[in-house]
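Participant: Residues per chain are reported as follows:
Number of protein chains: 2
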Amino acid sequence: MNENQNLTHREGANFGVEKKQPQTKQRKQVSNRQPKAQNLQKEQNFAVKTNKKPVKITFLGGVGEIGKNITAIEYDDEIIVVDGGLAFPTGEFPGIDLVVPDISYLIANKSKVKGIVLTHGHEDHIGGLPYILNELKVPVYGTPMTLALLDNKMQEHRIEYKAVTVKPKNLLKLGNFQIEFIKVSHSIAGSLALCISTPVGNIIHTGDFKIDFEPIDGSMTDLTRFGELGKKGVNLLLCESTNVCRKGYSMSESNVGRTLEGLFEKFAGKRLFVSTFASNVHRLQQLLWIAEKFKRKVAFAGRSMINITEAAAKIGELSYNRENIIDIDKIDKYADGELLILCTGSQGEPLSALTRMAHGEFPKVKIGEGDVVIFSASPIPGNEKAVYNVINALYKKGADVIYDELAEVHASGHACQEELKTIHALTNPKFFIPIHGEYRHLKRHKELAISMGMNSRDIIMPELGMQVEMGENYIKQAGFVTAGIRLVDGYGLGDLESNVLKERKQLSEEGICVAVINMSSSGEGGFEPFIITRGVVYEKEAEAFTEDARSVIASALREQDLRSFDPNEIKANIKKVLSNFIYKRTKRRPMILTILLMA
Amino acid sequence: MNENQNLTHREGANFGVEKKQPQTKQRKQVSNRQPKAQNLQKEQNFAVKTNKKPVKITFLGGVGEIGKNITAIEYDDEIIVVDGGLAFPTGEFPGIDLVVPDISYLIANKSKVKGIVLTHGHEDHIGGLPYILNELKVPVYGTPMTLALLDNKMQEHRIEYKAVTVKPKNLLKLGNFQIEFIKVSHSIAGSLALCISTPVGNIIHTGDFKIDFEPIDGSMTDLTRFGELGKKGVNLLLCESTNVCRKGYSMSESNVGRTLEGLFEKFAGKRLFVSTFASNVHRLQQLLWIAEKFKRKVAFAGRSMINITEAAAKIGELSYNRENIIDIDKIDKYADGELLILCTGSQGEPLSALTRMAHGEFPKVKIGEGDVVIFSASPIPGNEKAVYNVINALYKKGADVIYDELAEVHASGHACQEELKTIHALTNPKFFIPIHGEYRHLKRHKELAISMGMNSRDIIMPELGMQVEMGENYIKQAGFVTAGIRLVDGYGLGDLESNVLKERKQLSEEGICVAVINMSSSGEGGFEPFIITRGVVYEKEAEAFTEDARSVIASALREQDLRSFDPNEIKANIKKVLSNFIYKRTKRRPMILTILLMA
Numbered sequence: 001m002n003e004n005q006n007l008t009h010r011e012g013a014n015f016g017v018e019k020k021q022p023q024t025k026q027r028k029q030v031s032n033r034q035p036k037a038q039n040l041q042k043e044q045n046f047a048v049k050t051n052k053k054p055v056k057i058t059f060l061g062g063v064g065e066i067g068k069n070i071t072a073i074e075y076d077d078e079i080i081v082v083d084g085g086l087a088f089p090t091g092e093f094p095g096i097d098l099v100v101p102d103i104s105y106l107i108a109n110k111s112k113v114k115g116i117v118l119t120h121g122h123e124d125h126i127g128g129l130p131y132i133l134n135e136l137k138v139p140v141y142g143t144p145m146t147l148a149l150l151d152n153k154m155q156e157h158r159i160e161y162k163a164v165t166v167k168p169k170n171l172l173k174l175g176n177f178q179i180e181f182i183k184v185s186h187s188i189a190g191s192l193a194l195c196i197s198t199p200v201g202n203i204i205h206t207g208d209f210k211i212d213f214e215p216i217d218g219s220m221t222d223l224t225r226f227g228e229l230g231k232k233g234v235n236l237l238l239c240e241s242t243n244v245c246r247k248g249y250s251m252s253e254s255n256v257g258r259t260l261e262g263l264f265e266k267f268a269g270k271r272l273f274v275s276t277f278a279s280n281v282h283r284l285q286q287l288l289w290i291a292e293k294f295k296r297k298v299a300f301a302g303r304s305m306i307n308i309t310e311a312a313a314k315i316g317e318l319s320y321n322r323e324n325i326i327d328i329d330k331i332d333k334y335a336d337g338e339l340l341i342l343c344t345g346s347q348g349e350p351l352s353a354l355t356r357m358a359h360g361e362f363p364k365v366k367i368g369e370g371d372v373v374i375f376s377a378s379p380i381p382g383n384e385k386a387v388y389n390v391i392n393a394l395y396k397k398g399a400d401v402i403y404d405e406l407a408e409v410h411a412s413g414h415a416c417q418e419e420l421k422t423i424h425a426l427t428n429p430k431f432f433i434p435i436h437g438e439y440r441h442l443k444r445h446k447e448l449a450i451s452m453g454m455n456s457r458d459i460i461m462p463e464l465g466m467q468v469e470m471g472e473n474y475i476k477q478a479g480f481v482t483a484g485i486r487l488v489d490g491y492g493l494g495d496l497e498s499n500v501l502k503e504r505k506q507l508s509e510e511g512i513c514v515a516v517i518n519m520s521s522s523g524e525g526g527f528e529p530f531i532i533t534r535g536v537v538y539e540k541e542a543e544a545f546t547e548d549a550r551s552v553i554a555s556a557l558r559e560q561d562l563r564s565f566d567p568n569e570i571k572a573n574i575k576k577v578l579s580n581f582i583y584k585r586t587k588r589r590p591m592i593l594t595i596l597l598m599a
Numbered sequence: 001m002n003e004n005q006n007l008t009h010r011e012g013a014n015f016g017v018e019k020k021q022p023q024t025k026q027r028k029q030v031s032n033r034q035p036k037a038q039n040l041q042k043e044q045n046f047a048v049k050t051n052k053k054p055v056k057i058t059f060l061g062g063v064g065e066i067g068k069n070i071t072a073i074e075y076d077d078e079i080i081v082v083d084g085g086l087a088f089p090t091g092e093f094p095g096i097d098l099v100v101p102d103i104s105y106l107i108a109n110k111s112k113v114k115g116i117v118l119t120h121g122h123e124d125h126i127g128g129l130p131y132i133l134n135e136l137k138v139p140v141y142g143t144p145m146t147l148a149l150l151d152n153k154m155q156e157h158r159i160e161y162k163a164v165t166v167k168p169k170n171l172l173k174l175g176n177f178q179i180e181f182i183k184v185s186h187s188i189a190g191s192l193a194l195c196i197s198t199p200v201g202n203i204i205h206t207g208d209f210k211i212d213f214e215p216i217d218g219s220m221t222d223l224t225r226f227g228e229l230g231k232k233g234v235n236l237l238l239c240e241s242t243n244v245c246r247k248g249y250s251m252s253e254s255n256v257g258r259t260l261e262g263l264f265e266k267f268a269g270k271r272l273f274v275s276t277f278a279s280n281v282h283r284l285q286q287l288l289w290i291a292e293k294f295k296r297k298v299a300f301a302g303r304s305m306i307n308i309t310e311a312a313a314k315i316g317e318l319s320y321n322r323e324n325i326i327d328i329d330k331i332d333k334y335a336d337g338e339l340l341i342l343c344t345g346s347q348g349e350p351l352s353a354l355t356r357m358a359h360g361e362f363p364k365v366k367i368g369e370g371d372v373v374i375f376s377a378s379p380i381p382g383n384e385k386a387v388y389n390v391i392n393a394l395y396k397k398g399a400d401v402i403y404d405e406l407a408e409v410h411a412s413g414h415a416c417q418e419e420l421k422t423i424h425a426l427t428n429p430k431f432f433i434p435i436h437g438e439y440r441h442l443k444r445h446k447e448l449a450i451s452m453g454m455n456s457r458d459i460i461m462p463e464l465g466m467q468v469e470m471g472e473n474y475i476k477q478a479g480f481v482t483a484g485i486r487l488v489d490g491y492g493l494g495d496l497e498s499n500v501l502k503e504r505k506q507l508s509e510e511g512i513c514v515a516v517i518n519m520s521s522s523g524e525g526g527f528e529p530f531i532i533t534r535g536v537v538y539e540k541e542a543e544a545f546t547e548d549a550r551s552v553i554a555s556a557l558r559e560q561d562l563r564s565f566d567p568n569e570i571k572a573n574i575k576k577v578l579s580n581f582i583y584k585r586t587k588r589r590p591m592i593l594t595i596l597l598m599a
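Top line first, the protein sequences correspond to chains A and B. If you count the first sequence from 1, position 295 lands on 295 in our numbering, and the numbers rise without skipping. If you count the second sequence from 1, position 544 lands on 544 in our numbering, and the numbers rise without skipping.
There may be inaccurate statements among the hints.
Claimed, not checked - Label pairs and their computed distance ranges (CB to CB): (1) Asp217(A) with Ala478(B): 50 to 60 Å; (2) Gln560(B) with Ile325(A): 53 to 63 Å; (3) Glu92(A) with Ser319(B): 40 to 50 Å; (4) Ser451(B) with Lys169(A): 23 to 33 Å; (5) His157(A) with Met452(B): 48 to 58 Å; (6) Met251(A) with Gly316(B): 31 to 41 Å; (7) Phe213(A) with Lys247(B): 37 to 47 Å; (8) Asp566(B) with His359(A): 36 to 46 Å; (9) Ala544(B) with Glu214(A): 51 to 61 Å; (10) Met452(B) with Gly316(A): 46 to 56 Å; (11) Lys385(B) with Lys587(A): 46 to 56 Å; (12) Ser451(B) with Glu92(A): 58 to 68 Å; (13) Asp97(B) with Asp77(A): 51 to 61 Å.
As the list claims (entries may be wrong) - For lysine-lysine, the following PhoX-like pairs were computed, each having C-alpha atoms within a straight-line distance of at most 25 Å: (14) Lys584(B) with Lys56(B); (15) Lys247(A) with Lys385(B); (16) Lys231(B) with Lys587(A); (17) Lys114(B) with Lys396(A); (18) Lys153(B) with Lys52(B); (19) Lys584(B) with Lys502(A).
The hints are simulated quantities; they were obtained by calculation from the structure and are not laboratory data. As the structure is a computational prediction, the values presented were derived from the model and not from experiment. In this text, a Cβ means the ideal position worked out from N, Cα and C, and glycines have one as well.
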């Protein structure tokens, strides 16, 4: 059961959420960046050790990879965790549902963990929580939007947990840590950066962000606050790196709105379908506004679209006139030009509303000639093929399709180079660790920081499981802890070394051959071995194959002295003979199971 | 054995290759495009049938997909085939090596096929030929570069065939067809477009092309010839569509050279690695020139890099000073700044030179700090992940990596919108069929043609297997023939409906459970069923699982009346019981094989 308690900054003191206070402790003004002097100072400080214990930052996910973001920040016997995401499995993990972080380190230090602070509600930041909160019984802190999305998930898994609502400008005290929440723009409402005050200095964790000068919710990434904190002194910046390879600035979300409005004008009279992430509430907000302006009724299609818009409306993140919303069953009562259907499936997900519509498998809606479908999203790397398959299928049905290659119908939620530089300049950190990216992103982000005057020695390239130690005036790598992935496989949890995955991989590429030999029924000179293959032989060749395989085994058995036999030896021999026979015949080496039955 | 006979236009008469002749037959001047008048004329012509038989164009690949391009053009009892490509299998085809076209139609019409004409030597245009030429014993026509690449392939497969060399401006007579070869620029040397004269009019097939105003070989896409043919009259344009979604013009290959030269300057003193397609001879030519200018010795790494550069040099498509080439074993004798290593692996192929270097598995070369690696190629859609894995691994080894996101180190070989418009304008075809693209590309290409004044009725959207009938003044869809894919699987050839693929898919996602029950050994009340699973149960749970599965089966058997049993009924019952047991336990439905042994 969810004990979500809506404690805003007005009533949050009970749960450690305080109103912002003037901060005097533990922050000191650092001089403007002077690399040379700083290095001297650093070396000095290595020699003259301070009394304070160091802060340890442990990277349990999200570095050297896109996905499953999770970072532990530790001081003395206290740990706070930032985010707890998942990653989606790719082809290399056949049959795996989800990939979640290995949190052995947190479990081993269970008693230290004070809470989990969430930057925002995307799957790669909260999707692993059902597999974390079942082991760590600690409170979770996030914005209403983040917690609404988390609660959907936790209800499904039937896990009890405690959630505490926070908002930008709130202060949260967790043991020796004090966390200030900073408003940032991103492709989901309710996104936060964090300023984590520790006894040895402030850490800024950007979460995922962009700088949008025309934000839909009217409230910008709080650049001023980043600047103020920079002025007071930031010891360490942990900054996301997703778009570090892209020059310039990301497009404003408002620009997408203008493009969409143009398309509504262009396609007046036609039935409009728009697919986007259900969690991209600002995109949906714009679409609802535009629909109202163009006098179109809106129908939602797809489970997450219905659930999330409802949840977002309930907490005030999405506002619309209920009279303009109609049930998807009722669309036939309206003319084409009076309809907007907002649907899931922007990533070509097989079971989503739009994918089913494209393949004629969505009973309530038939897409065809005259319809217009807008993909208001970019394919996430790896999803391109699935997305284009849906686009092709829609075109074949006669629909017109607009996607990001053709019009500015999507804006990224991640900061490009100049935005990243803005945050670096404003926070002016003593030390920097790039996060949230593959190694190439982190590396480029390091170069960006160096180009702005940072010294390479003050930057650490994080790796999965790396523990970094930070003092007031130094930062250093301090070894590695257990970290990695857990694979959610139905009810099972595996890892990369699991037998199951390796077996599936071989099965998928080479198939399997089962040979059963009933030793007890051996008559004169023959055992009539029983052969079944799957994924090896094409039907038309199956009969001849089986016959030949049986005679190959039978002749191998005849040559073996069966009176003094060792069953393992017989099995190994049959396996070898069979494997060679199959390879010669098919150029494949299937998995071979040899079963000897003895009475 | 290859009977490749180098018959250029000077000596080609014997094999039907003639010098260009003034053409008067079968071509008539068409007026400038006047859609309305033309339609009237068309309708008239439907009524007043001409005496001539129609030409049939059959699409056996490359439409509605990227890859395995192959088109049959037929008049009376003669067929010529344009290209014979392959496609690379993606995750949906586990264990499949290659995808080649289903040529049932050509086999059924074997006696009609006069020859295969190749536009260029990329895999998606020639890679299927070993699986075509083993069934169709017809001559193949192509440029020296195309035939050199084909010959490598055919030698490997040990298939005898006859190859005839052609060059731009050559004319080839094949029965009622006369084929004129037209020089085009593309990302491989020796690329051709075709003008196929038929009794009912000219067909232009562009092959793959771009318009490069600064081509490396000094010879441009022959725009003048396209214009002359347009003036004489083009009945049908078959034009490639790969980059139809990209605005403007493609970048010149020379521009890539300038970028590369800048990088050579920037990284003077460092060891340079450049990875590109071995068949991109013009890229390699530029790199060899630049290396010479910067006094770097060149070493080739990777089998195809060595083979193809050698073949290209032999036929004069690549020229370099042999003294500047060194063996990869000898690189240690030179300073870092004196070396350029050209290697395979630009697509992150697992066994390529660069991938092995990145993972420290290439014994002759150790990449590390101070080295610079340039990916002079874009990831082909679907290869992104593999490419970025290699980039990340190289960064981790300390190398600097330059790829297309960071600098203009690659130029596409395909025409963008303005280039496509140029060809449409110059050839001014009566009818148009977009080819070489997914449905969305073909659709956009159709729209491009309409925007230039064509009437939608004069454009046909081709589909796999579609047969199009063309007369002097009409074009129409005329049904479908068998077409699709054949899957090269070791020595086997399957298709989408093959049992093998379906079985592998289930095996890969759910695993397999084999239950063997020896009915002959049934003692009192028990059969001791034997259970093996693969890809289902994690090791730590395996023992308990097997025990429980056995008791589930044993109790199911006890409930069955075994005196009057039907073996199939018992098997079905065990399968059901076992499947339900496993689903409850793992949320998976593995393949279940039940084997009853009876004495």
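Participant: For every hint, state whether the structure bears it out.
Facilitator: Hint by hint, here is what the structure shows:
Range check, Asp217(A) to Ala478(B): Cβ separation about 58 Å, and the 50 to 60 Å hint holds. Evaluation of the 53 to 63 Å hint for Gln560(B) and Ile325(A) yields a pass: the beta carbon distance comes to about 56 Å. Range check, Glu92(A) to Ser319(B): Cβ separation about 43 Å, and the 40 to 50 Å hint holds. At about 53 Å, the beta-carbon gap between Ser451(B) and Lys169(A) misses the expected band of 23 to 33 Å.
Hint check: His157(A) to Met452(B), Cβ distance near 57 Å, so the stated range 48 to 58 Å holds. Against the hinted window of 31 to 41 Å, the Cβ-Cβ separation of Met251(A) and Gly316(B) comes to about 49 Å, which falls outside the hint. The supplied range of 37 to 47 Å is broken by Phe213(A) and Lys247(B), whose beta-carbon atoms lie about 26 Å from each other. For Asp566(B) and His359(A), the Cβ-Cβ distance of about 40 Å falls inside the hinted range of 36 to 46 Å, so the restraint holds.
The given range of 51 to 61 Å is respected by Ala544(B) and Glu214(A), whose C-beta atoms sit roughly 60 Å from each other. In this structure the hint that Met452(B) and Gly316(A) lie 46 to 56 Å apart at CB holds, the actual value being about 51 Å. A hinted range of 46 to 56 Å is violated for the C-beta pair Lys385(B) and Lys587(A), which are about 27 Å apart. Range check, Ser451(B) to Glu92(A): about 43 Å between beta-carbon atoms, so the 58 to 68 Å window is missed.
For Asp97(B) and Asp77(A), the hinted distance range of 51 to 61 Å is satisfied, since their beta carbons lie about 57 Å from each other. This hinted pair does not check out: Lys584(B) and Lys56(B) have alpha carbons roughly 57 Å apart, beyond 25 Å. Our distance criterion of 25 Å between C-alpha atoms is met by Lys247(A) and Lys385(B), whose separation comes to about 22 Å. A distance of roughly 55 Å separates the Cα atoms of Lys231(B) and Lys587(A); the hinted pair therefore is violated under the 25 Å criterion.
Taking the CA atoms of Lys114(B) and Lys396(A), the gap is about 34 Å. The hint is violated against a cut of 25 Å. For a cut-off of 25 Å, the pair hint linking Lys153(B) to Lys52(B) is broken: about 40 Å separates their Cα positions. For the given pair, Lys584(B) sits about 23 Å from Lys502(A) by alpha-carbon distance, which is consistent with the 25 Å threshold.
Figure legend: structure checked against the earlier numbered hints; hints not met, in rising order: 4, 6, 7, 11, 12, 14, 16, 17, 18.
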